[in-house]
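Peer 1: Here the structure of chain A is known, so what remains is to put chain B in place on it, guided by the hints.
2 protein chains.
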Amino acid sequence: MKLYDYKPAPSPRRVRIFLAEKNIEVPTEQIDLRAQSQLGEEFRRLNPQCAVPYLVLDDGTGIGESMAICRYFEALYPEPPLFGRTPVEQGQVEMWNRVMEFDGYLAVAEAFRNAAPGFKDRALPGPLPLEQIPALAERGRLRVARFFDALDERLGATPFVAGDRYSVADITALVTVDFAGWIKLGLGAQHGNARRWHEQLASRPATAA
Amino acid sequence: MKLYDYKPAPSPRRVRIFLAEKNIEVPTEQIDLRAQSQLGEEFRRLNPQCAVPYLVLDDGTGIGESMAICRYFEALYPEPPLFGRTPVEQGQVEMWNRVMEFDGYLAVAEAFRNAAPGFKDRALPGPLPLEQIPALAERGRLRVARFFDALDERLGATPFVAGDRYSVADITALVTVDFAGWIKLGLGAQHGNARRWHEQLASRPATAA
Chain A
2 MKLYDYKPAP SPRRVRIFLA EKNIEVPTEQ IDLRAQSQLG EEFRRLNPQC AVPYLVLDDG
62 TGIGESMAIC RYFEALYPEP PLFGRTPVEQ GQVEMWNRVM EFDGYLAVAE AFRNAAPGFK
122 DRALPGPLPL EQIPALAERG RLRVARFFDA LDERLGATPF VAGDRYSVAD ITALVTVDFA
182 GWIKLGLGAQ HGNARRWHEQ LASRPATAA
Chain B
2 MKLYDYKPAP SPRRVRIFLA EKNIEVPTEQ IDLRAQSQLG EEFRRLNPQC AVPYLVLDDG
62 TGIGESMAIC RYFEALYPEP PLFGRTPVEQ GQVEMWNRVM EFDGYLAVAE AFRNAAPGFK
122 DRALPGPLPL EQIPALAERG RLRVARFFDA LDERLGATPF VAGDRYSVAD ITALVTVDFA
182 GWIKLGLGAQ HGNARRWHEQ LASRPATAA
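Residue numbers (the working numbering), protein chains in the order written: chain A, 2 to 210; chain B, 2 to 210.
Do not rely on the hints blindly, as some may be mistaken.
Treat identical chains as interchangeable: a pair holds within one or across any two.
As the list claims (entries may be wrong) - With a cut-off of at most 25 Å between alpha-carbon atoms, the simulated SDA-like pairs for lysine to any residue come out as follows:
(1) 3 with 89
(2) 8 with 45
(3) 185 with 129
(4) 23 with 87
(5) 3 with 42
Derived from the structure by calculation, the hints contain no laboratory data.
Looking at chain A on its own, in the form it has when it is part of the complex (with noise of 0.2 Å):
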């Protein structure tokens, strides 16, 4: 088995964090997205999408999409569960990632990808070029503010993003959060709930992941 990673990128950090919370160590190998490398062929042989992270099982079989990888560790080793105990924990903490990947992570995304001068013609990640569009990168900024508000509001009424448990939801919101350093976005002093969260997932090990 070998996990197809890159340090710096978000989107592999959120399964090298789920990963480290249920102690599964994976062998890795680096796909320097800086010197797009995922667009090389050898890795396009491997995963056609040309994304990180990329899991390869022993027989070959190949699974692709961060939630994707998770989901399948979740299944082959349960404890702690990171995506909900009872089926209603189970929905929610569905919901809150979703919230977290829709309003947070891809609006930092899209920020980032239509704007920065490495990602011309990469406003996307995947095979095929597709210009950027700065109006979305404006739309993303706005977003990314209304966001933080909304995770402050949250993190007011319960201890973790889904509910009285840590889950895949907070590692989902975490990285989103430090994501936003790249755009130069960040929480405020108003997001007192917020930053007292961060500050307490900052001190668990898997965090540094």
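Peer 2: Relative to the frame of chain A, chain B by itself:
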């Protein structure tokens, strides 16, 4: 238990088909999105995300996000499994469902919401207004065309989107193909594999849900 629904919209259709495949009956209430009832005070108090589908349990717990509602029911009624059986299958289903969503469903939604006159300032779902971005509508149409090609290629290799078995990834892909009709895009004569698959799915009773 009550499922807030809107019959003509693609997103709640994913949940209705999922429930019908599992033979689960849930009382529904229609929220008229065309009249923007989801933004009204009454529904907003229930679901501040102002979106359907939205499930409310008997104890008042709310679950939003189509896939979160499906996950709740999958945990409660595992048979037939629509998110995969083994860990590998679960990973594959989540991967393909994500690919159908990001490359397909979201591309159609981008193309539709950023161009339709009725969605002025409603370019994304949710409580807050966002201006349409014409370039995003155009990019969405380009991505949908690519998506049809990729879907057809995939369905030349396996009978169902995630492999040998019908899964939630088929539901997402089917709803996406039908949703694309809203922007006057559809499978072409060259998409024989996808057309055969679509025809076969259309004959399943649950598809009419």
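Peer 1: Taking the hints in turn, state whether each one holds.
Peer 2: Outcome of the hint check:
In this homomeric assembly, residue 3 and residue 89 come within 25 Å of each other (Cα to Cα) only across copies, at 14 Å, whereas the closest approach inside a single copy is 33 Å. For a Cα distance limit of 25 Å, the shortest separation of residue 8 from residue 45 inside one copy, 19 Å, qualifies, whereas the shortest one across copies, 41 Å, does not. With identical chains, the CA atoms of residue 185 and residue 129 are at most 25 Å apart between copies only, with a shortest distance of 23 Å across copies and 28 Å within one. In this assembly of identical chains, residue 23 and residue 87 lie within 25 Å of each other by CA distance both inside one copy and across copies; the values are 19 Å within and 19 Å between.
For a Cα distance limit of 25 Å, the shortest separation of residue 3 from residue 42 inside one copy, 19 Å, qualifies, whereas the shortest one across copies, 51 Å, does not.
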